[in-house]
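Colleague: Here are the chains, one letter per residue:
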Amino acid sequence: MSKKQHYKITVNGKEEEFLAEPRELLIYTLRERLNITGPHIGCETSHCGACTVTIDGKSVKACTMFVAQADGKDITTIEGIGGPDDLHPLQKAFKEHHGLQCGYCTPGMITRATKLLEENPKPTEEEIRFGMAGNLCRCTGYQNIVKSIMAAAAEMNAAKEATE
Amino acid sequence: MKDEVTSRDDRIANLKGMGCSRKRVEDARFTQGKGNYVDDIKLDGMIFGDFVRSPYAHARIKSIDTAAALEVPGVLAVLTAKDLEPLGLHWMPTLAGDKQMVLADGKVLFQGQEVAFVVAEDRFAAADGIEAVEVEYEELEVLVDPFKSMESDVVLREDTVDEAGKLVDGAHGPRKHHNHIFTWEAGDKDPTFEVIEAAEVVAEETMYYHRTHPCPLETCGCVALMDKVNGKLTLWGTFQAPHAIRTVVSLISGIEEHNIRVISPDIGGGFGNKVGAYPGYVCSVVASIVTGKPVKWIEDRMDNLMTTAFARDYWMKGRISATKDGKITGLHCHVTADHGGFDACADPTKFPAGFMNICTGSYDIPTAFLEVNGVYTNKAPGGVSYRCSFRVTEAVYFIERMIEVLAIELHMDAAELRRINFIKKEQFPYTAALGWEYDSGDYHTAWDKALKTVDYDALRAEQAQRVEDFKAGKTRSLMGIGLSFFTEIVGAGPVKNCDILGLGMFDSCEIRIHPTGSAIARLGTISQGQGHATTFAQILASEIGLPADSITIEEGDTDTAPYGLGTYGSRSTPVAGAATAMAGRKIRAKAQMIAAYLLEVHDDDVEFDVDRFVVKGVPERFKTMKEIAFAAYNQAIPGIEPGLEAVSYYDPPNMTYPFGAYVCVMDIDVDTGVPDIRRFYALDDCGTRINPMVIEGQIHGGLTEALAVALGQEIAYDDMGNVQTGTLMDFFLPTAWEVPNYETDYTVTPSPHHPIGAKGVGESPHVGGVPCFSNAVQDAFRAFGLRHTNMPHDHWRIWKTANELGLHG
Ligand code: FES
Ligand code: FES
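Protein chains in written order, with my numbering: chain A, 43 to 206; chain B, 2 to 810.
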């Protein structure tokens with residue numbers, strides 16, 4: 043056990059300040075300290091992606107980052123991506139195309155997919171499969187996840203074209 | 002009235018009943034990060050427990066010193082077997098009739114075994130406490146090979162031998178050796194051997210179906226809360242069978258069952274991993290009783306892979322006999338089953354090897370004999386049905402490999418060999434040589450459709466050309482065509498032969514219709530991703546004529562749900578789905594009387610039509626189910642009780658027998674051993690289809706788990722009993738990158754005994770998929786003399802196969 047330190051992070055637009063041991067893993071800061079339970083834990087070794095969040099514009103696995111490393115950073119979790127009144131196209135598409143079953147991987151999947159589509163708004167199926175390979179799903183076999191992401195991309199691109 | 006202008010088709014569509022691809026009601030919360038899994042539960046004053054685990058696979062425990070651990074800041078208590086012994090909880094019964102140590106009682110039998118339970122204010126303090134517990138071990142000889150175990154002088158389980166040195170009977174009969182658990186036989190030994198010995202052609206093969214693990218993305222865990230004021234224990238956890246857990250907890254703790262409430266919240270995948278009762282549950286309950294606080298225990302991934310619920314680990318020796326032209330005459334299967342240190346298989350009690358006796362498969366085999374021997378070794382306990390009905394994956398893999406080997410022996414095409422041996426449509430109901438009565442099937446139609454869709458003959462021609470090209474040095478890639486035709490046996494099961502620890506394997510549904518025409522139904526099962534809240538509402542919508550969107554489905558809370566045996570072995574639709582339909586029919590029967598009263602006609606003069614009762618021959622005179630529901634609550638109807646509720650406990654008359662035909666086409670790079678799955682076609686017949694979208698999703702998922710098992714996923718041990726695949730680095734879970742797109746197809750052969758004709762589907766793709774992927778790999782090398790090679794076919798093993806066949810020049 044080491045001494046507690048003072049940290050300040052922004053999560054889903056809200057500033058949070060607290061004292062924590064530097065060794066606390068970010069996923070526990072989010073889930074247990076801040077009650078943000080959308081990101082899940084599947085391995086704690088960076089393999090499964092259930093804990094995926096966005097930190098300063100990049101997809102990060104929150105299980106392998108200490109809270110000390112997240113100090114001062116801007117974090118987005120599934121809770122910040124869309125809610126009942128403002129669903130993200132990916133959230134709608136995952137339901138529409140049956141891109142989830144038990145739902146355990148889903149927050150990480152969708153969070154990762156938001157970044158993928160920012161990095162590459164018109165991905166091919168192959169690019170999606172490659173870009174999502176850091177997120178494991180045990181239930182769906184991925185086929186409908188790929189389909190969901192394709193559909194969301196198409197919807198987002200159509201919406202963008204309409205406003206341009 | 003609006004109803005009058007609505008067409009019948011619109012009324013049907015409005016129900017979103019059976020047969021439609023209704024979108025899932027679960028998805029809103031899951032896509033918004035609002036699922037409620039066990040690790041999301043947070044209670045006032047909650048503390049954490051975690052295990053000190055054995056680094057050794059076999060050792061005597063000389064001492065445990067907890068003093069230093071208790072000094073660690075935040076550590077509240079450390080439990081050992083000595084603390085549990087006065088409560089009689091240092092051992093617990095397993096589902097297989099054996100018993101298992103909750104905490105190491107004098108010795109450990111596998112690496113990772115639970116030795117002490119550290120309770121602390123948070124998980125980090127618990128981890129620090131674990132480091133500080135000092136355990137002195139004396140290493141013992143390790144047995145990881147079941148064949149050696151059966152010959153060894155080393156006694157793994159001291160309770161197998163009495164004080165006089167005599168073997169003590171096991172739960173399933175006498176032991177042959179102190180490390181032997183049971184022998185289970187089915188069929189006729191002597192007649193089978195006679196047939197095989199006299200046969201024109203006999204093919205023999207030995208195959209190892211390796212040890213693996215269901216590995217759902219969420220590990221196992223629980224939160225226990227003993228409320229000492231009211232004497233009530235609440236246990237939340239990842240339970241695939243919450244009611245069975247309640248009964249087991251009551252039996253072993255002595256707490257009366259009405260004072261125990263077990264809740265399965267959202268579950269992040271189960272696949273068999275979450276059927277059993279684990280030491281973590283018992284220790285959490287005890288820790289909550291000791292501390293008076295809620296106690297959470299959550300496995301990490303390594304704990305999960307190393308200790309809870311392995312699957313498979315069957316050594317299978319087969320002999321299959323046939324006439325010269327390929328008609329199968331007999332089958333013999335001998336299994337040595339590695340059960341680890343405790344027999345904790347999750348099978349119906351009378352079936353210590355599950356339904357392995359479905360191993361005659363989809364074929365009309367007149368004579369057969371099966372013998373399974375369960376053996377103790379220094380490996381983790383388990384033996385669960387990983388995305389299958391009890392041991393059915395093993396059975397189907399066995400027969401589908403034996404067919405391929407026989408085809409080689411006969412110089413025959415394996416598709417044709419299957420066709421000439423299928424049980425014929427007119428033979429159903431068909432009693433197999435090993436005892437099961439297959440309820441229905443139409444295998445030839447399914448097989449022909451599959452082969453035609455993939456253009457089987459063209460594939461074989463292409464493959465032959467590829468072999469020529471390879472021999473001519475024009476390519477370094479070979480092509481494999483994997484076939485499998487499987488028959489599952491699911492929906493356990495009839496109470497007359499299926500029980501778990503004496504609990505009959507029926508299931509249940511209870512329905513309450515609300516006055517305004519919506520409803521809640523509760524079931525004894527529990528979804529772990531299968532989408533019960535969506536699909537069971539569809540069954541009900543079609544049965545009772547209220548829209549699925551107006552029906553809430555609730556499962557998993559033993560205080561409110563009727564008793565049922567839970568969800569595994571594809572039993573939810575066959576058993577609880579049937580209970581749902583039957584309860585719906587009881588609602589309908591009462592609704593009919595109410596409708597007749599309201600319409601002022603005799604009960605027999607009204608009939609059900611989609612969402613209403615109409616006066617026969619006068620379709621404009623009707624009462625909708627919504628109107629009937631209201632009347633049930635606001636009218637005094639002579640001779641009829643108020644309200645509209647029903648409950649059904651369904652004891653299935655038979656199992657259901659889903660089947661399917663799969664074809665996999667694979668290119669294999671001979672120099673790297675990397676397979677490229679270029680096509681996978683899956684035809685499934687699960688009887689009546691409730692939600693095609695959900696069925697397809699189940700098939701994609703099951704096939705992907707099959708791909709994993711066939712192509713690389715394994716729990717491997719070294720000679721010292723060290724687990725070599727304890728993280729997701731070493732334990733193969735396919736990513737989106739490795740997984741192909743699947744083509745799905747279907748035929749529909751309804752189950753004749755199921756109220757809606759449904760058979761269950763969640764596990765078929767796994768059961769049929771594993772042999773299909775494996776056969777594809779093996780088929781690629783058939784032209785070069787390969788007969789059989791064991792799974793998992795990872796790149797290195799495929800490369801090795803090519804190398805041993807001399808394909809690397
Ligand atoms: S929990 Fe972070 S990658 Fe698995
Ligand atoms: S939906 Fe269950 S792990 Fe992806």
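Please note that the accuracy of each hint is not assured.
Unchecked claim - With a straight-line Cα cutoff of 25 Å, these simulated PhoX-like cross-link-like pairs (lysine-lysine) come out: (1) 45/A with 100/A; (2) 189/A with 801/B; (3) 328/B with 318/B; (4) 157/A with 328/B; (5) 24/B with 134/A; (6) 50/A with 43/B; (7) 43/B with 46/A; (8) 134/A with 43/B; (9) 35/B with 115/A; (10) 801/B with 475/B; (11) 801/B with 100/A; (12) 43/B with 56/A; (13) 189/A with 425/B; (14) 35/B with 56/A; (15) 351/B with 587/B.
Please keep in mind that the hints were generated in silico from the structure rather than gathered at the bench.
Colleague: Evaluate each hint against the coordinates.
Modeller: Against the structure, the hints:
no.: 1; hint: 45/A with 100/A; verdict: violated, 29 Å
no.: 2; hint: 189/A with 801/B; verdict: violated, 36 Å
no.: 3; hint: 328/B with 318/B; verdict: holds, 21 Å
no.: 4; hint: 157/A with 328/B; verdict: violated, 58 Å
no.: 5; hint: 24/B with 134/A; verdict: holds, 11 Å
no.: 6; hint: 50/A with 43/B; verdict: holds, 23 Å
no.: 7; hint: 43/B with 46/A; verdict: holds, 23 Å
no.: 8; hint: 134/A with 43/B; verdict: violated, 29 Å
no.: 9; hint: 35/B with 115/A; verdict: holds, 24 Å
no.: 10; hint: 801/B with 475/B; verdict: holds, 21 Å
no.: 11; hint: 801/B with 100/A; verdict: violated, 41 Å
no.: 12; hint: 43/B with 56/A; verdict: holds, 22 Å
no.: 13; hint: 189/A with 425/B; verdict: violated, 39 Å
no.: 14; hint: 35/B with 56/A; verdict: holds, 18 Å
no.: 15; hint: 351/B with 587/B; verdict: violated, 33 Å
Hints 1, 2, 4, 8, 11, 13 and 15 from the list above are not met by this structure, while the remaining hints are.
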